[in-house]
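Line by line, the protein sequences give chains X and W. Under the working numbering, the first residue of the first sequence carries the number 17, and numbering increases by one thereafter. Under the working numbering, the first residue of the second sequence carries the number 11, and numbering increases by one thereafter.
These are calculated hints, taken from the structure and not from any lab test. Ideal placement from N, C-alpha and C gives every residue a C-beta, glycine not left out. Where hints are given, some of them may not hold.
Unchecked claim - A short, non-exhaustive set of chain X residues, derived as facing chain W with CB atoms under 7 Å: (1) L62; (2) V202; (3) S307.
Unchecked claim - Covered stretches of chain X, going by a simulated chain W footprint (3 or more residues, C-beta under 8 Å): (4) 109–122; (5) 299–305; (6) 333–341.
Said to hold, decoys possible - Residues of chain X clear of chain W, computed beta-carbon distances all greater than 12 Å: (7) N25; (8) P52; (9) E68; (10) L70; (11) K78; (12) P125; (13) I188; (14) L259; (15) H275; (16) F316; (17) L352; (18) D353.
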Amino acid sequence: MQRWSFLLNKLKWAVISILFVIVLNFFLFRILPGDPVRAGIRDPRLTAAAQEALRVKYGLDKPVINCFETLNPLRTGPCLINPLETQFFIYAGNLLKGELGISYHTNRPVASMLATYLWNTVLLIGFAEIFSIVLGITAGLVAAWKSRTAVDFGTLIFSLVAWSLPTFWLGIVLLFAGSTWLGLPVGGKFTIGQFYAGGGEKFLDLLRHLILPTITLTVVVMGEYMMIMRSTVLEVLSEDYILTAKAKGLSTFQILKDHALRNAMLPMVTIIALNLGFTVAGAIQIETVFSWPGLGLAIFEAVGRRDYPMLQGAFLLIAVSVIFANLIADLLYSYLDPRVQVG
Amino acid sequence: MKKLSTIIGIFVVLALTLAACGGSPAGAGASVLRIGWAGSPDTLNPGAALLAESFVIYELAYSALVDLQLDGTYSPDLAESWTVSDDGLVWTFTIRDGVKFSDGTPLTARDVVFTFEFYQAHEEFPYMNGYTYAFDTVEAPDDRTVVLTLTTPAPNLESQIVFLYILPEHIWKDHAEGQAASEFENLEMVGSGPFIMKDYRQGEYVHLEANRDFYLSPPKVDEVVFQTFSNLDALVQAIKTGQVDMITEMPNTAVATLQEAPDVRVVTGPPLAPDITDIVFNVTEPQDCPEDGACTGHPALRDKTVRQALAYATNKQELVDIVLLGLGTPGLTLIPDSLGVWYNQTIQDFPFDLATANRMLDDAGYLDSDGDGVRDMPDGSRSLTFRLNWPSDSTVAPRLAELLAKTWADAGVQLELQALDPDALSSICCPTFDYDVIIWGWGSDPDPSFLLSVMTSYEIPSGMSETGYNNPEYDALFDEQNVTMNPQLRQEIIWRMQEIVHDDAIYIIPFYSKAVQAYRTDRFTGWITNQPKLALEDVTSLVVVEPVE
Chain X
17 MQRWSFLLNK LKWAVISILF VIVLNFFLFR ILPGDPVRAG IRDPRLTAAA
67 QEALRVKYGL DKPVINCFET LNPLRTGPCL INPLETQFFI YAGNLLKGEL
117 GISYHTNRPV ASMLATYLWN TVLLIGFAEI FSIVLGITAG LVAAWKSRTA
167 VDFGTLIFSL VAWSLPTFWL GIVLLFAGST WLGLPVGGKF TIGQFYAGGG
217 EKFLDLLRHL ILPTITLTVV VMGEYMMIMR STVLEVLSED YILTAKAKGL
267 STFQILKDHA LRNAMLPMVT IIALNLGFTV AGAIQIETVF SWPGLGLAIF
317 EAVGRRDYPM LQGAFLLIAV SVIFANLIAD LLYSYLDPRV QVG
Chain W
11 MKKLSTIIGI FVVLALTLAA CGGSPAGAGA SVLRIGWAGS PDTLNPGAAL
61 LAESFVIYEL AYSALVDLQL DGTYSPDLAE SWTVSDDGLV WTFTIRDGVK
111 FSDGTPLTAR DVVFTFEFYQ AHEEFPYMNG YTYAFDTVEA PDDRTVVLTL
161 TTPAPNLESQ IVFLYILPEH IWKDHAEGQA ASEFENLEMV GSGPFIMKDY
211 RQGEYVHLEA NRDFYLSPPK VDEVVFQTFS NLDALVQAIK TGQVDMITEM
261 PNTAVATLQE APDVRVVTGP PLAPDITDIV FNVTEPQDCP EDGACTGHPA
311 LRDKTVRQAL AYATNKQELV DIVLLGLGTP GLTLIPDSLG VWYNQTIQDF
361 PFDLATANRM LDDAGYLDSD GDGVRDMPDG SRSLTFRLNW PSDSTVAPRL
411 AELLAKTWAD AGVQLELQAL DPDALSSICC PTFDYDVIIW GWGSDPDPSF
461 LLSVMTSYEI PSGMSETGYN NPEYDALFDE QNVTMNPQLR QEIIWRMQEI
511 VHDDAIYIIP FYSKAVQAYR TDRFTGWITN QPKLALEDVT SLVVVEPVE
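When you get a sec, could you build the whole thing from the sequences and use the hints?
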């Protein structure tokens, strides 16, 4: 019973956060100065009449919301118009129908574009997250167990360096090294124009393209996991119950697995869940370096073009995934530490 | 610890195995030309397109009535021949016989009429609508004749219809009305060009195959692939390692290293579609200030003497050498040298001469009255301190701005440098005129008309005019060249217009950049590099290149 109300409470806050994000997203991009119609295009052929027609096509000729022309408080728009004819309520109405709008840049539905990009990003982040969680936690655990030995210092130095490396720099370095000495592809998802004898060959080609971006992201993320895992485990190992476990004559492996790991996982779950949101941001850099057709690259380009529907859609998607990652982290908490749901 | 090293070991072995098993480009014996570029078409729908990359693809998959050659002339394409009435209003085109779309349907004069009317009917088509502005009626008296009647003579009609790609009526008639016209994705891209669309992913690649039935000479390669790289260093690395066969652009800083790479040849030349960099002065007079304008330009910049002095204080050769690493030529007028006959190369430019610049400013009374090292207005009201802004996405502008600040300071003029987001720059630029000096640029058409229009007073309220320049003589000449059918007469007028604006120094054109491209010599041969303009991705090269034996 208590578990259900805990869950409902969490869900309620998740929904409120999403609603807040929807409103914020809409206004955030419109506060920025400028004009999607002219952004990035410097061509005298784009006449004033054509710009006006584009504005009508995008729906930007309508007031943003009643009484506000833009969010500039000095410029007020008409107050007595039908709210349903303002940009905000048209957007909200479409959202209720499950429509994210048409991208200004490609004239394609945002939802279908996002679906493609998201899948690509999940592919990239998924592999990297799995590798970095496994490697990070294992190395952190080992370093803590062998604390103040060469192994510990080595891990510590590696994780400090990895954590502080600029993502794009590491990416560029690996790109040069990997493509020069290993013949790995410098960008994209597949070798375009390649003839595949079968699906297996195509899959191998995809894996080859994944190697460099995955290594980059793994190194960057894993450093953080190692550090935090190491310090948490060190703390746990100084607890009395570890001493008790040792006194009971349990093996090192059993102590680490059954006593240290589970208790140290609490902060790790938080970090990993929070990180899922940040990895999308980190993926912006990696996707740009490796021309990986994912969400990060799409956002990067949409910002430059003031592609409002695309930005709103992408940010909503990220917000929803971060909120859900946190929700899942909360639920995992109550599984890992039953005391949590009472609090 | 053993476990960890095992995992890392497995990882490395896996990586190496995968690295080894890749490689051979395109099996099955087909010759696939792989082009790397930094852009991607925004859409395959010619009506809705905004980006130059889209037009590169249209040139390959579609055909128009006429073709633009790399020497700036127009040659017959779908139209075998054409005649113009003496008043320049009625154009009659004879369409080539037996042309088929890639789906096998014959291309007739009906398709041409449909296409022209379709482009004209949609005001929201960014460019196509502008190219059809002078169209009155389009008729097809028979399957091979198109009669185009204009509302006003258009001496540059060829330069406009060259972009009007002929669409198959039987496909587009279902998408001809309203929003559907822009939202039609046109993924099949049925056209009549030398290449046929095979596969396309926006932002990733364009995959074309040769049209073996092309009515002019068909391509010699089997397939062409355009792959998008989102950063230029990766692009350079891609050609170095042989992952692509040609790249359409690269940073100037990469030229030196790439020239030494084996089997790679770097080529430079005037670009087919030039992007002009300009230094813009806000010369808006108070009476010309548009309704929404702020018009806060520094009053000294409205004085021609000051602008000319600044032109004298600009060391264009140094800008070419340092900003472009020598890959360009000193600029002269807003009409770039790659526009051939329209470019007035006879104009005598203001040479770099700080003594003259200082003397001019001294004589005009701009003296350093308060002794702070910066000149002041003759009435002492304010110093000659100008705001200099540029778009933050420009790679050349930051260094250009620094060099300008240095030499202009030697003429007693101070600059406050600030990069702005392009969008923010738009909002202070025009028609707000809330700036002093801007470094920006324009993309250009093969015909100078559009570029010349940005200096007319008509374009002040629309925001096309970035200077706020108002010169009735210039406006009159602009109107005249717009309807002068005789090419020699038109050229004279256009040259005169360039002289006027050069003397008024409303722009300083620092340089004309060269296109820098590279191709691999061990893969394909026959690239066209000896023409007045350079564009390896243009259809002219792509239909003649063939695999190296």
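Hint check against the structure, violated hint numbers in rising order
When the structure is compared with the hints, numbers 6, 8, 9, 10, 12, 13, 16 turn out to be violated.
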